[in-house]
Each structure stands twice: as C-alpha cells, then as structure tokens.
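Undergrad: Please construct the entire structure, taking both the sequences and the accompanying hints into account.
Read off the chains here:
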Amino acid sequence: GAGVSQSPSNKVTEKGKDVELRCDPISGHTALYWYRQSLGQGLEFLIYFQGNSAPDKSGLPSDRFSAERTGGSVSTLTIQRTQQEDSAVYLCASSIQREQYFGPGTRLTVT
Amino acid sequence: AQSVTQPDIHITVSEGASLELRCNYSYGATPYLFWYVQSPGQGLQLLLKYFSGDTLVQGIKGFEAEFKRSQSSFNLRKPSVHWSDAAEYFCAVGAGIDMRFGAGTRLTVKP
Chain A
6 GAGVSQSPSN KVTEKGKDVE LRCDPISGHT ALYWYRQSLG QGLEFLIYFQ GNSAPDKSGL
66 PSDRFSAERT GGSVSTLTIQ RTQQEDSAVY LCASSIQREQ YFGPGTRLTV T
Chain B
24 AQSVTQPDIH ITVSEGASLE LRCNYSYGAT PYLFWYVQSP GQGLQLLLKY FSGDTLVQGI
84 KGFEAEFKRS QSSFNLRKPS VHWSDAAEYF CAVGAGIDMR FGAGTRLTVK P
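Residue numbers (the numbering used here), protein chains in the order written: chain A, 6 to 116; chain B, 24 to 134.
Check each hint, because a few of them may be wrong.
Here are the in silico distance ranges between beta carbons for each label pair [unchecked claim]: (1) B:G85 x A:E25: 15 to 23 angstroms; (2) B:A126 x A:T18: 21 to 29 angstroms; (3) B:R129 x A:T114: 16 to 24 angstroms.
Since the hints were made in silico from the structure, they are not lab data. Just so it is clear, CB atoms sit at the ideal spot from N, CA and C, and this is done for glycine as well.
TA: What follows is the structure, given as structure tokens:
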C-alpha cells in the first residue's frame with residue numbers, strides 16, 4: 006500500500022519568506038508527527054496530532070512554526086519568516102499503533 | 024524520563040564483516056524498542072521492533088537485535104555486511120508521543 010508522502014521533496018527559499026510543507030499520512034493512521042533533522046543530528050520532535058484531540062505543540066521551536074491537520078488526514082507545517090537556522094530536513098511520520106512510518110522528508114534550504 | 028544513547032557516532036566495517044551497533048536506553052517500564060535505517064536522502068525505514076516475548080528479534084535485510092534488560096541495551100547485529108547497508112541507523116525507545124530517538128550511528132562499508 007501507499008506509504009507516507011511528503012511534498013515538496015526539496016525547497017529553497019529566501020530568508021524572511023514563508024514556506025508550507027505537506028504530509029500525506031498512510032490512510033487510516035490516526036497519529037501524525039513532524040520532526041526536524043538538522044545536518045548530522047538526530048530527530049527533533051516538533052508536533053503531534055492524534056485523532057481529533059488538540060495537537061501537542063510542545064516541540065515547536067518558536068511561534069514562527071505552526072501546523073494543522075485537516076480532516077484527520079493531510080497535514081501542513083508552516084514556517085513563517087524563515088531564518089537560515091531553519092534549514093533542515095523535515096520528516097513526517099504516521100502511526101496507528103506503536104511504530105511510526107516515515108515519509109521521505111522535505112529538505113528545506115534557507116538562503 | 025526515557026532516553027536513548029548510541030555511543031558510536033560513526034562505524035566503518037569491511038564488506039562481508041560482521042556488524043554490531045550499540046544502543047542503550049533509559050525507560051521507566053518495559054520498553055518498546057525500535058531500530059530504523061535512513062539511507063541518504065530518504066526517510067527512516069523500520070528495521071525491527073521489540074515489544075515483548077523472545078528477546079532476540081529478527082528484522083528485514085538480515086538484521087537482528089537482542090534486548091538485554093539487565094544491560095538496558097538493544098544492540099543491532101548483522102553477520103555479514105553488504106555495501107548497500109551503508110546508511111544512518113537510529114535506535115528508538117517508547118511509543119507515540121513518548122518515543123525518543125538516539126542521535127544515530129553512521130555506517131560506512133569498505134570494499
């Protein structure tokens with residue numbers, strides 16, 4: 006079956022611009038996660054959606070970051086007024102039980 | 024609080040040699056344990072998982088891992104490494120919002 010998909014795969018943007026990153030989870034998966042992976046680093050948790058519950062935003066690094074999940078499926082991560090330190094790979098994962106299934110990521114480069 | 028340590032940042036092995044990647048965890052209860060692999064430019068792929076039962080678990084691509092409660096370890100092994108195994112490997116503990124990832128071990132395979 007189809008896995009988690011993310012778009013775009015690569016995004017280059019100028020400092021100060023806003024960007025939107027999209028995640029399509031596996032159909033039927035109720036949980037969705039966003040992570041950030043900086044060069045040579047592990048995974049930094051950003052935000053978590055579970056069903057219709059309020060999202061856990063405890064990992065968002067600043068108020069420039071926000072995310073939504075429409076209809077319990079597709080999610081969009083928005084970064085406003087991008088900064089160079091936002092350059093990273095943004096990974097999305099979905100799950101229905103304990104293990105998480107990851108998308109290929111979006112590589113964001115802020116110039 | 025749960026945490027994961029991967030003591031080796033980078034390991035180099037010769038093709039055909041055996042491999043062991045170390046993972047130590049801290050967790051308050053019976054842990055859920057995972058190993059993921061990330062090839063360059065890709066997302067994370069689940070190699071294997073341990074929830075309960077037999078402490079030696081088999082995964083995909085010929086990998087196995089052994090859960091040792093007394094040592095708080097979940098080391099990943101492969102008897103004979105192939106050049107295609109070169110990648111980043113992540114150990115994770117927990118589930119859902121409580122999942123924690125190690126910083127990763129980068130595996131280089133020499134011909």
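Undergrad: Quick one: are B:A126 and A:T18 within 21 to 29 angstroms, going by C-beta?
TA: holds, 27 angstroms
Undergrad: Range first: 16 to 24 angstroms. Now tell me if the beta carbons of B:R129 and A:T114 are that far apart.
TA: holds, 21 angstroms
Undergrad: Taking the beta carbons of B:G85 and A:E25, is their distance inside 15 to 23 angstroms?
TA: violated, 40 angstroms
Hint compliance for this structure: hint 1 is the single one not met.
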